[in-house]
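6 protein chains.
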Amino acid sequence: MSGAIYVINPNSTERVTRELDAALAPLRMAGGPAIECVTMAKGPPGIQSQRDADGLVPDLLALAASLEDAASAFVVACFSDPGLHALREQSRRPVLGIAECGILTALTLGHRYGVIAMMRSSIARQLRYIGAMGAGERFVGNLPVELSIAEMADERVTLDRLVAVGRELREARQADVLVMGCAGMARFREPLERALGVPVVEPAQAAVAMAIGRVRLQWGRSLG
Amino acid sequence: MSGAIYVINPNSTERVTRELDAALAPLRMAGGPAIECVTMAKGPPGIQSQRDADGLVPDLLALAASLEDAASAFVVACFSDPGLHALREQSRRPVLGIAECGILTALTLGHRYGVIAMMRSSIARQLRYIGAMGAGERFVGNLPVELSIAEMADERVTLDRLVAVGRELREARQADVLVMGCAGMARFREPLERALGVPVVEPAQAAVAMAIGRVRLQWGRSLG
Amino acid sequence: MSGAIYVINPNSTERVTRELDAALAPLRMAGGPAIECVTMAKGPPGIQSQRDADGLVPDLLALAASLEDAASAFVVACFSDPGLHALREQSRRPVLGIAECGILTALTLGHRYGVIAMMRSSIARQLRYIGAMGAGERFVGNLPVELSIAEMADERVTLDRLVAVGRELREARQADVLVMGCAGMARFREPLERALGVPVVEPAQAAVAMAIGRVRLQWGRSLG
Amino acid sequence: MSGAIYVINPNSTERVTRELDAALAPLRMAGGPAIECVTMAKGPPGIQSQRDADGLVPDLLALAASLEDAASAFVVACFSDPGLHALREQSRRPVLGIAECGILTALTLGHRYGVIAMMRSSIARQLRYIGAMGAGERFVGNLPVELSIAEMADERVTLDRLVAVGRELREARQADVLVMGCAGMARFREPLERALGVPVVEPAQAAVAMAIGRVRLQWGRSLG
Amino acid sequence: MSGAIYVINPNSTERVTRELDAALAPLRMAGGPAIECVTMAKGPPGIQSQRDADGLVPDLLALAASLEDAASAFVVACFSDPGLHALREQSRRPVLGIAECGILTALTLGHRYGVIAMMRSSIARQLRYIGAMGAGERFVGNLPVELSIAEMADERVTLDRLVAVGRELREARQADVLVMGCAGMARFREPLERALGVPVVEPAQAAVAMAIGRVRLQWGRSLG
Amino acid sequence: MSGAIYVINPNSTERVTRELDAALAPLRMAGGPAIECVTMAKGPPGIQSQRDADGLVPDLLALAASLEDAASAFVVACFSDPGLHALREQSRRPVLGIAECGILTALTLGHRYGVIAMMRSSIARQLRYIGAMGAGERFVGNLPVELSIAEMADERVTLDRLVAVGRELREARQADVLVMGCAGMARFREPLERALGVPVVEPAQAAVAMAIGRVRLQWGRSLG
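Protein chains in written order, with the numbering used here: chain A, 1 to 224; chain B, 225 to 448; chain C, 449 to 672; chain D, 673 to 896; chain E, 897 to 1120; chain F, 1121 to 1344.
Be aware that a few hints might be false.
The calculated lysine to aspartate or glutamate pairs, modelled on EDC-like cross-linking and capped at a C-alpha distance of 20 Å, are [what the hints assert, rightly or not]:
id, chain 1, residue 1, chain 2, residue 2
1, D, K714, D, E740
2, C, K490, C, E467
3, F, K1162, F, E1139
4, B, K266, B, E238
5, D, K714, E, E1086
6, B, K266, C, D507
7, C, K490, C, D507
8, C, K490, C, E516
9, D, K714, D, D731
10, C, K490, B, D283
11, F, K1162, F, E1134
12, A, K42, F, D1179
13, E, K938, E, E964
14, E, K938, E, D955
15, C, K490, C, E462
16, F, K1162, A, E19
17, E, K938, D, D731
18, F, K1162, F, E1188
FYI, nobody ran anything at the bench for these hints, they're computed from the structure.
Small disclaimer: the values here were computed from a predicted structure and weren't measured.
Excised from the complex, chain A in its bound form:
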């Protein structure tokens, strides 16, 4: 119980880890668990395909194993939740995924949720995951932002595109809550919410919030 919640960014892009770290600041409480964000140096620079997601699992498991003793919980901070169930088998700590927790938390904020996907190539993967979660009944769809790297560098363009996709989910699909289908873009959450007028879930925050509860409550500890 004295360990940290390790938030593993399974891609090798430090910038994403830094943004995660900043986004999680409100969840750091004096008497609460430490929250440590780590970059998986061996990961791909980004996770866009099923190959990227599947391919990083061995490294993720190795990294988590090296942190096991220092950890009170793990959060896998990629919206594909790669290796989530494998890590649950391996670790004796609570393990949470950001897609999983982002979606479950959205269900407390509205009735029909939509997912803002980053890439078109993620659409079917997310659908399979939502199917595996059994979370399809209140799901209205996922639509891609599909920004080029150049466009992503421009915050204004990025926000505009996030808003456009969110609006489509809200208007045509009647979403009344949205989940950001990515890690490391928490700084857009509030402006997006303000522009759209419906709650927006940042999934890494959602997952760490749930992890804090799990660390404090120690459920399942007796199960070994």
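Let chain A serve as the given structure and place chains B, C, D, E and F on it in line with the hints.
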């Protein structure tokens, strides 16, 4: 953000409130939100029927209104989540229900969840609620403990019966995680888990854990 | 079996009760049960929010209790079916809700049904109800008419708006039967149906029709 | 509107038609539509297979065509609802099936319904039909009575077997309402209900009750 | 095992049978089962309604019975799969339907499938069938081509219309695989696929491919 | 089109590959595609956990890449379908999984399918997969055989246990078709089917049968 999380026990039985209070101790962290458990004196002594659940809503709304300024969030601490959506309309604070959060949290602890209901009269009501939540895909069933008041007074008998029902859900329905379908019985959570060998969710703890996240993150604040 | 079917308008607007009464005329048969429409004077003037729906249940139960001896059945005539299950617990008579019966009847008139909601604020509440009913598989959506009170006073404007929403459900969602998501607007049913070219269900008529069968057949009488 | 509701028994067994006729007596009301039960002489003696159900459709359509002018509505009185949608295409009258209406009506009497099937050979056919209806969410299963003809001749044996199957659905599957998966056995409805303690739906009664409403309300008349 | 796979075109239009025959050429392999396409002379010229589909079953069963000894398997080559389950009861050979196999095969080619229906009158029938199959979770919808006979004679117009409908399913409904909802139009499969950029399933080819496997593997032979 | 169908056994146990090879003999036709079974030497000896399944994906992708030019299609021959979607991204050939194809094929052989799992540790993984496939509506459950290695060496004991689990799925869950949840046990298929009286699907055979169709038809070739 400086207010307390108000955990409202909508029945008038102080003992339940005291047990809630004790159960939530691990979630009180230095630097985190205060957690206050309140008894709704005007509520029925217990909530066994749909009439009990529906009938208390006006009083619940009035009580919450009186606490609005002091509150950073509300948790409705009855497994029927009575008045949950009405209170969401009324309050500008995050509002969570224990059935809702207990079930959503269970989905991170196993694949198929079962609910240990207290009374046979709650079965259909819980089924309607799970249907409304769209949470039926991984639900294996709810079975009643159906203890008389005399039996409930005996901790040994109560635990034995909880274990028997949990075992039925695990064996015949293949539940790999269980949700306690009641408030105020948190002291049975760990022995139940140990006896059954699968994680057991205490729903009030689950809800307050999620409420802490919501209070810290302040999502939706801009939505007014 | 000699009592009347009491159709309770749980709002306090007499005009709605009068329209219900007129709409039910075709279901009054010489040898069939009497059909009495009553206004719940203590109800809100209209039922637009979950708070409205939940808040009226105690009064509804009291009103129904006062009619129990004179009743052969009850119909709750608000499209939220407020207090439906609570009244079923309380009464020994058949109890039907207009949303429930309107939707079930629609399933015999087409394959995919849409609901014309009156207010945007009813959308999520209806979705929760359809989820609780397990009636989502053939549901294509609900869209709001969202008329101001001034607009509602104009029959032409109202019909135009009903037609526009119905057309959207038929065209974009492929509804082949529509349910009017309100009580007291039966006079629009036929023109709406004619304008849209698909069957339109008036839910209070649907519910009373089913109630007549229940009164005549006396199922469940032996169950006490 | 002046025509009769024709209840077509699509098998050639007059005894079934006579039992239908007797069962529908409570639905004959002064001022209400006439209810005529007819035997399809060209039908098979019983309908046990998909071949039986599919094979009778041409004759059923021809019989209904001959009755069209005299009819205000049609009810297909076999629990496979054979030819239901074909007859809807052919006829300008309301057309209802007893399986369809029996199931929809059950949804107003309990939360989870089970079906007492007569033959093992009907199980998969009923499952396909319930799937086509989109009525699976609250369905707990169908189990066969599987009586030999000799056994069926003995009312005591038949009732005992109906009760045994109903009890299995209630106990092991948690059905709280049952549908009789056959026509012509209405005399067992009340004793079955009394023995089981949960409501039991006789589907031909359910269908004719809904047909009366449709005849009186004349929905869809303008659609031609 | 030495018999032929009989592909029965249940309509009387020889042209369709010839197109089936040509489309199945790639599935004729030295050492593999013979594939024979037969026209049902007694069938309707086309199958557009439920009446058409239901009405042909007796003739289909008779035709198949006459081929039983010569057959190693049957394929019902109409997208309504008329008589599929009846023929399964009758025949001791594997029996497959083109709608069934087209849809199941689509599930290996993409995540969300759409169906290009020929006629508006087929929409609800297909929906009932997909419901009966339990194949609705990954289904995004079916939209009709609705060509007049004159238009159908023009290949260019036909392809343009197929492309337009396919594009609507891909764009607005996010289908990533399409099923052609008809038999006898296999020549359009490749140009359609090329125009749309997503896989397109020709259902008769899908069914015969699966039939070959069944013939070679002889599963169920011991079941009699 | 001239390449072989490569059936990749992703575990390192040659015996399994040999059994696959023998089981696929009936699908080798003179004029059909060659079928080559290969062992993944770098794979784990068996695949029992999610870690096993996820961990082998990089090696599987590498092996398939080395075979790409010689292949006309790939079949992943482990009932977890590990790496299926990743390989679809990587390869320009049809790629099929044995769980996927075994389940889809079962849907043409009965209405409700059950899965005979080998290990208890596979249960939740299979449930997630069936959820991702959207194939849950006709699924009655998966139960584990859970044999020790010593027991597995005894064919009699193994068959008895397979039969016992199959009987449980047939009797208590009403499965009318069963899928063997493993590769390399095809020799038990026929005795199992004979003992149980319902069709039993061997999934590698099902997948290769579907692969033959895909190779012959060359769908999607134009999509690059």
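Evaluated hints:
For the suggested pair K714(D) and E740(D), the alpha carbons sit about 18 Å apart, so the restraint of at most 20 Å is met. Taking the CA atoms of K490(C) and E467(C), the gap is near 19 Å; set against the 20 Å cutoff, the hint holds. The hinted pair formed by K1162(F) and E1139(F) meets the criterion: a straight-line CA distance of about 19 Å does not exceed 20 Å. Simply put, K266(B) and E238(B) have alpha-carbon atoms about 12 Å apart, close enough for the 20 Å limit, and the pair holds.
Restraint check for K714(D) and E1086(E): not satisfied, since their Cα atoms lie roughly 48 Å apart, outside the 20 Å limit. Proximity of K266(B) to D507(C) is assessed by CA-CA distance (about 17 Å); at most 20 Å being required, the pair is judged to hold. A hinted pair counts as satisfied when its Cα atoms are at most 20 Å apart, and K490(C) with D507(C) qualifies at roughly 7 Å. Using a Cα cut-off of 20 Å, the hinted pair K490(C) and E516(C) holds, with the two alpha carbons roughly 18 Å apart.
Between K714(D) and D731(D) the alpha-carbon distance is near 7 Å, which keeps this suggested pair within the 20 Å criterion. Taking the CA atoms of K490(C) and D283(B), the gap is near 17 Å; set against the 20 Å cutoff, the hint holds. At roughly 12 Å between alpha-carbon atoms, K1162(F) and E1134(F) fall within 20 Å of each other, so this suggested pair holds. Between the alpha carbons of K42(A) and D1179(F) the distance comes to roughly 17 Å, so the proposed pair stays at or under 20 Å and holds.
At most 20 Å may separate the alpha-carbon atoms for a hinted pair to count; K938(E) and E964(E) meet this at roughly 18 Å. Of the pairs offered as hints, the one joining K938(E) and D955(E) holds, with about 7 Å between alpha carbons and a cut-off of 20 Å not exceeded. A distance of roughly 12 Å separates the Cα atoms of K490(C) and E462(C); the hinted pair therefore holds under the 20 Å criterion. A C-alpha spacing of about 38 Å is found between K1162(F) and E19(A), which places the hinted pair above 20 Å, so the restraint is violated.
Distance check on the hinted pair: K938(E) and D731(D) sit about 17 Å apart at the alpha-carbon level, within 20 Å; holds. Only pairs whose Cα atoms come within 20 Å are accepted, and K1162(F) paired with E1188(F) is accepted, the gap being roughly 18 Å.
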